[in-house]
Amino acid sequence: MRAIEPADGRKPRASHIEAVDSRHVTQMMEQLQQGYIKSVAATAGLAVEIVPVDVYGYDVRLIRPPRDHMDEESAVLAQLKCTTQIVPDPSRESFSYQFTKRQYFDHLVKPRKYPKAILIVMTAPTRQADWTEVTHDGLWTRRSCFWVSLEGVHADPSVKKPSVRIPTRNRVDANALANILDKIDRGEPLND
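Read in order, the letters of the sequence shown are residues 1 to 192 in the UniProt record's numbering.
Keep in mind that the hints were calculated from the coordinates and are not lab data. There's no promise every hint is true.
Quick list of in silico lysine to aspartate or glutamate cross-link-like pairs, EDC-like style, CA-CA up to 20 angstroms [claimed, not checked]: (1) K38 with E49; (2) K101 with D59; (3) K101 with D156.
Just so you know, these numbers come straight off a predicted model, no measurement behind them.
Could you build the full structure based on these sequences and the hints that come with them?
Written out as structure tokens, the structure is:
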């Protein structure tokens, strides 16, 4: 497949993807990962706020309502990334993800009091038409999202595009999101 030049003059970011329309594939990848996160968060009883302006490197805020009216809500910020170039092997402990810009990494590694922040990486098939499948049993999203906390992780300052290891056991599902927020409520580190 050969990518076409978008009308606005920008080069398509994902020329290796068999896209429905390569001019908009990056936006479609964003929609796919937001849909996944919103669905899983709904299952966990969480609200999802899309961060409309990417100033601080976060795309969504996941919020759990207070358990009683005198408690505070719990929240975690997440930077969302979607890639078609990784197929995590569940028999391996982790997979590698490389940031496209140093600043995305830097936002996630700094120590934070509250709210904490995580990286969520979604892996998707290279053929856009295979991203989802609808059957009588439901909507199936191909591949998964994985999360990691990078707080306190160090990379040599000269590295422009740092790579990080993401544990394959850290799939994003309703239990994982609840556990992340439970740890935040207890003041425990997320990167254990």
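For each hint, the structure was consulted:
Distance restraint check for K38 and E49: the Cα-Cα separation of roughly 9 angstroms lies within the 20 angstroms cut-off, and the hinted pair is therefore satisfied. Taking the CA atoms of K101 and D59, the gap is near 15 angstroms; set against the 20 angstroms cutoff, the hint holds. Restraint check for K101 and D156: the C-alpha separation of about 14 angstroms stays at or below 20 angstroms, so the hint holds.
In this structure, none of the earlier numbered hints is contradicted; all agree with it.
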